[in-house]
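Enquirer: Chain B: place on chain A using the hints.
Number of protein chains: 2
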Amino acid sequence: MKKLLLALLLTTLPALAQQALWDRQHVTSPIVQPDGQVSFQLYAPKAQQVVVKGDFTGIDSESFPLSKDSLGVWHVTLPRPLQPELYSYAFEVDGMRTLDPANAYRNRDISTYSNIFLVSRTQGDRGSLYSVQDVPHGTVSKVWYASPTLKMQRRLTIYTPPSYEQGGRYPVLYLLHGMGGDENAWSELGRVTQILDNLIAAGKIKPMIVVMPNGNTNAPSAPGENQLGLYPPKAEGLPTPAVAEMDESFLDIVHFIDHHYRTRRSRQSRAVSGLSMGGGHTFAIALRYPKTFDYYGLFSAAVRTSLQGSWEDFYQQAKQDLAFQQELTTLFASRPRLFWIGMGKTDFLYQNGKELRQLLDEGGYHYTYFENEGGHIWRNWRIYLSEFTQQLFR
Amino acid sequence: MKKLLLALLLTTLPALAQQALWDRQHVTSPIVQPDGQVSFQLYAPKAQQVVVKGDFTGIDSESFPLSKDSLGVWHVTLPRPLQPELYSYAFEVDGMRTLDPANAYRNRDISTYSNIFLVSRTQGDRGSLYSVQDVPHGTVSKVWYASPTLKMQRRLTIYTPPSYEQGGRYPVLYLLHGMGGDENAWSELGRVTQILDNLIAAGKIKPMIVVMPNGNTNAPSAPGENQLGLYPPKAEGLPTPAVAEMDESFLDIVHFIDHHYRTRRSRQSRAVSGLSMGGGHTFAIALRYPKTFDYYGLFSAAVRTSLQGSWEDFYQQAKQDLAFQQELTTLFASRPRLFWIGMGKTDFLYQNGKELRQLLDEGGYHYTYFENEGGHIWRNWRIYLSEFTQQLFR
Numbered sequence: 001m002k003k004l005l006l007a008l009l010l011t012t013l014p015a016l017a018q019q020a021l022w023d024r025q026h027v028t029s030p031i032v033q034p035d036g037q038v039s040f041q042l043y044a045p046k047a048q049q050v051v052v053k054g055d056f057t058g059i060d061s062e063s064f065p066l067s068k069d070s071l072g073v074w075h076v077t078l079p080r081p082l083q084p085e086l087y088s089y090a091f092e093v094d095g096m097r098t099l100d101p102a103n104a105y106r107n108r109d110i111s112t113y114s115n116i117f118l119v120s121r122t123q124g125d126r127g128s129l130y131s132v133q134d135v136p137h138g139t140v141s142k143v144w145y146a147s148p149t150l151k152m153q154r155r156l157t158i159y160t161p162p163s164y165e166q167g168g169r170y171p172v173l174y175l176l177h178g179m180g181g182d183e184n185a186w187s188e189l190g191r192v193t194q195i196l197d198n199l200i201a202a203g204k205i206k207p208m209i210v211v212m213p214n215g216n217t218n219a220p221s222a223p224g225e226n227q228l229g230l231y232p233p234k235a236e237g238l239p240t241p242a243v244a245e246m247d248e249s250f251l252d253i254v255h256f257i258d259h260h261y262r263t264r265r266s267r268q269s270r271a272v273s274g275l276s277m278g279g280g281h282t283f284a285i286a287l288r289y290p291k292t293f294d295y296y297g298l299f300s301a302a303v304r305t306s307l308q309g310s311w312e313d314f315y316q317q318a319k320q321d322l323a324f325q326q327e328l329t330t331l332f333a334s335r336p337r338l339f340w341i342g343m344g345k346t347d348f349l350y351q352n353g354k355e356l357r358q359l360l361d362e363g364g365y366h367y368t369y370f371e372n373e374g375g376h377i378w379r380n381w382r383i384y385l386s387e388f389t390q391q392l393f394r
Numbered sequence: 001m002k003k004l005l006l007a008l009l010l011t012t013l014p015a016l017a018q019q020a021l022w023d024r025q026h027v028t029s030p031i032v033q034p035d036g037q038v039s040f041q042l043y044a045p046k047a048q049q050v051v052v053k054g055d056f057t058g059i060d061s062e063s064f065p066l067s068k069d070s071l072g073v074w075h076v077t078l079p080r081p082l083q084p085e086l087y088s089y090a091f092e093v094d095g096m097r098t099l100d101p102a103n104a105y106r107n108r109d110i111s112t113y114s115n116i117f118l119v120s121r122t123q124g125d126r127g128s129l130y131s132v133q134d135v136p137h138g139t140v141s142k143v144w145y146a147s148p149t150l151k152m153q154r155r156l157t158i159y160t161p162p163s164y165e166q167g168g169r170y171p172v173l174y175l176l177h178g179m180g181g182d183e184n185a186w187s188e189l190g191r192v193t194q195i196l197d198n199l200i201a202a203g204k205i206k207p208m209i210v211v212m213p214n215g216n217t218n219a220p221s222a223p224g225e226n227q228l229g230l231y232p233p234k235a236e237g238l239p240t241p242a243v244a245e246m247d248e249s250f251l252d253i254v255h256f257i258d259h260h261y262r263t264r265r266s267r268q269s270r271a272v273s274g275l276s277m278g279g280g281h282t283f284a285i286a287l288r289y290p291k292t293f294d295y296y297g298l299f300s301a302a303v304r305t306s307l308q309g310s311w312e313d314f315y316q317q318a319k320q321d322l323a324f325q326q327e328l329t330t331l332f333a334s335r336p337r338l339f340w341i342g343m344g345k346t347d348f349l350y351q352n353g354k355e356l357r358q359l360l361d362e363g364g365y366h367y368t369y370f371e372n373e374g375g376h377i378w379r380n381w382r383i384y385l386s387e388f389t390q391q392l393f394r
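Order-wise, the sequence lines are chains A and B.
Counting from 1, position 283 in the first sequence corresponds to residue 283 in the numbering used here; the numbering is continuous, with no gaps.
Counting from 1, position 300 in the second sequence corresponds to residue 300 in the numbering used here; the numbering is continuous, with no gaps.
Next up, chain A with everything else stripped away, as it sits in the complex (with noise of 0.2 Å):
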């Protein structure tokens, strides 16, 4: 049939103009190598200078140009071999950043999309990780719940794992995003299907439910996806202001899940983790709610005291905080079974989590600290997600 149905549509190809259904590109790009080794292309005849940019190495975005042949395509290699990672990229056409039209595979953070590509040597490298496997898939849903303290229908994206059809009840691991994200950007950015399915399949995590709510307690879902129509998405999030905070209305996401999904309804299947943003409010969470969750995790977080208190002057008003000294007491004399800390060297809040962990120290609490290279950045978070969850509901 399908060679019938292209015969047919190669003698009416005239009237194809009315929808895509043939590919403009004339180029292959990215051009991925098995040994890691990438190469792109861009047709773009009248440009004077084209670059290709993007987070290759990781620690910053690297721009390599791209030299025009006589047909007017651009070309570069990259100049080493990438290591196995998802990495992003963009072009730069005369200045103007634009996307590569032969790469329909592109992430949205924020306002700024990217295209992908990943690069894989071998299975169970990182690569490999991030990419679609032919193991059991889980489910991934966009569902809609009441939240009685926000006062609003709310949007969050949950993950039920590959055996959730079969039956049984599963732990529920909650899983924030930053600034300027929403309830897609776990999923999209972070990767979590393709990760959680293939350490579920490896035999590496346990099965567990994993909900991505939306943070921003001033919206109901993410840009796009609300009354409020096709706003730019903006990190400052909408004018409006919040009724309630994430922590003092978590509770009405975790009696949604626990009401609607077969969940274990304990503290010890219970974590609750976030990166950015949501490490500051997974922290607000530990110490509203000190009994209700067994696993935190705080992924490059920006933490602080209290409402009022800010990120800069965190271990000064930490020290001065009665009320936040007494929640903290409480938050490990209840012995959460683990506090984890995941920074990158480089990340700009660095110092603010230094402060954090000094503080534990000074307190004698116990917590778990992973250490890598690089900055605020998604790479660093799906790094984070996967040692996070191999240490969860054991």
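Any given hint could be a false lead.
Unchecked claim - Across the chosen pairs, the derived CB separations fall in these ranges: (1) TYR369/B to THR122/A: 56 to 62 Å; (2) TYR231/B to GLY229/A: 31 to 37 Å; (3) ASN218/A to THR77/B: 30 to 36 Å; (4) GLN48/A to LEU71/B: 19 to 25 Å; (5) VAL27/B to GLN48/A: 19 to 25 Å.
What the hints assert, rightly or not - To give a feel for the contact side, a few chain A residues facing chain B, derived at Cβ under 7 Å: (6) LYS46; (7) MET96; (8) THR98; (9) VAL132; (10) GLN133; (11) ASP134; (12) THR139; (13) VAL140; (14) SER141; (15) VAL143.
Stated by the list, open to error - If you want the ones that stay clear, here's a sample from chain B, every Cβ over 10 Å from chain A, calculated: (16) ARG80; (17) ARG121; (18) GLY124; (19) ASP125; (20) ARG169; (21) ILE253; (22) ARG267; (23) ARG288; (24) GLU327; (25) GLY363.
Simulated from the structure, these hints should not be mistaken for lab results.
Every residue, glycine too, gets a C-beta built ideally from N, C-alpha and C.
Expert: Frame of chain A; chain B shown alone:
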């Protein structure tokens, strides 16, 4: 907290090259006025020529030149206000197609991305029907099912209506995409979630489950969502031969849905419809299982008599194919409640649709016909879905 967070971040702006926290666009685009007047802007100081191309009339793609101001920003306002509708467009900068960097809303059609925007004037118009409204929302899930016939795990999109979580059993609409599409096409380009939520809230359609499978029987799922990696999506599909056709393997889906969801498991609670190739699939499914479904919808359908038949000589083959004639007689002898055909006047499959109607007329078979302006485009398929669903499960 937002203010404090913003203040903190403003002091650390240089570090933020690490994360896409800042929107780098300096212009707002598109600007949609309440009366439907639409302007576009693009910052491209080095460009020689910029045009915007979009489906502003819905019949052909129109092109409008932008003019550059002294700051390097290109502008244009469309000459006429637009009717309420979902529109798509892209820029061409010095001959190269590029998306609007100020507009974060994009749809993928096979391998081509376009920006989108909505024009809505009054509650109930087409623009509002395609918008997220403040009404109860259904759940959209990406689910994997086992297809014994195709010997694969396969992915589908499923919409359950807002009332589903409260219990009860629901009728099911199976909704099929066209050539080059996949299980994401109807929910993204087809705005199924918005249309269903809004028509259910308005009391115009019965609450129903909508199942959107992948009609490419040689692939488990949409490009990028399977173990074949991030390959370029193509209309002609993957080279792998299909084990069986969509109609042969279709009951695998119905069995999975009836087993895992609270469905009404009777003929009068099942509908199947599809666009283009999916309309052909719908026709083949109708002929193969005349007692499984009670409602059929053929949207700009590519119909044929058998796996060997093509669209071009449908009528001649149909009259000579005795097996086909017998199947057609059996189908209509079972008296389906609705056999609905939708076709645009300038669709490249118009003649094929006319021959189908001629054949049905000659046999005295009852069907409902809906004809409108335009061709083989998503705008029409959204309209057909909105019309067809209002006639289901009454």
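Enquirer: State for each hint whether it applies.
Expert: Here's how the hints hold up against the structure:
1. About 58 Å separates the C-beta atoms of TYR369/B and THR122/A, a value consistent with the hinted range of 56 to 62 Å.
2. As the Cβ distance of TYR231/B to GLY229/A is approximately 34 Å, the hint placing it in 31 to 37 Å holds.
3. A hinted range of 30 to 36 Å holds for the C-beta pair ASN218/A and THR77/B, which are about 32 Å apart.
4. One distance hint, 19 to 25 Å for the beta-carbon pair GLN48/A and LEU71/B, holds here, with the actual separation near 20 Å.
5. For VAL27/B paired with GLN48/A, a C-beta distance near 22 Å keeps the hint of 19 to 25 Å intact.
6. Interface restraint check for LYS46/A: the shortest CB-CB distance to chain B comes to about 4 Å, inside 7 Å, so the restraint holds.
7. Checking MET96/A against chain B by beta carbon gives a least distance of about 5 Å; that is within 7 Å, so the hint holds.
8. For THR98/A, the suggested interface contact is upheld, since its CB lies about 5 Å from the closest CB of chain B, less than 7 Å.
9. Contact between VAL132/A and chain B, as hinted, is supported at the beta carbon level, the nearest pair being about 5 Å apart and thus within 7 Å.
10. The interface hint given for GLN133/A is met, as the beta carbon of that residue sits about 6 Å from the closest beta carbon of chain B, less than 7 Å.
11. Taking 7 Å as the C-beta contact cut-off toward chain B, the hint placing ASP134/A at the interface holds, the least distance being around 4 Å.
12. Interface hint status for THR139/A: upheld, as the beta-carbon distance to the closest one in chain B is roughly 5 Å, under 7 Å.
13. Restraint check, VAL140/A versus chain B: the minimum CB separation of about 5 Å is within 7 Å; hint holds.
14. Because the smallest distance between the Cβ of SER141/A and any Cβ of chain B comes to about 4 Å, under 7 Å, the interface hint for this residue holds.
15. Hint status for VAL143/A relative to chain B: holds, with the closest Cβ pair at about 5 Å, below 7 Å.
16. Annotated as non-interface, ARG80/B keeps its C-beta farther than 10 Å from every C-beta of chain A; the closest such distance is 21 Å.
17. Residue-level check passed: ARG121/B sits 13 Å from the nearest beta carbon of chain A, beyond 10 Å.
18. The Cβ of GLY124/B lies farther than 10 Å from every Cβ of chain A, with a closest approach of about 15 Å, so its non-interface assignment holds.
19. No Cβ of chain A comes within 10 Å of the Cβ of ASP125/B; the nearest lies about 14 Å off, and the non-interface call holds.
20. The beta carbon of ARG169/B is kept farther than 10 Å from every beta carbon of chain A, the shortest such distance being approximately 18 Å.
21. The Cβ of ILE253/B sits about 15 Å from the closest Cβ of chain A, beyond the 10 Å cut-off, so the non-interface label holds.
22. Against chain A, the non-interface label of ARG267/B holds: every CB pair exceeds 10 Å, the least being about 26 Å.
23. At the 10 Å boundary, the C-beta of ARG288/B stays outside the reach of chain A, the nearest C-beta of that chain being 14 Å off.
24. Every beta carbon of chain A lies more than 10 Å from that of GLU327/B, the smallest distance being close to 17 Å; the non-interface claim holds.
25. Consistency note on GLY363/B: stated as away from chain A, and its beta-carbon is indeed over 10 Å from all of that chain's, at 25 Å minimum.
Hint compliance for this structure: no hint is broken.
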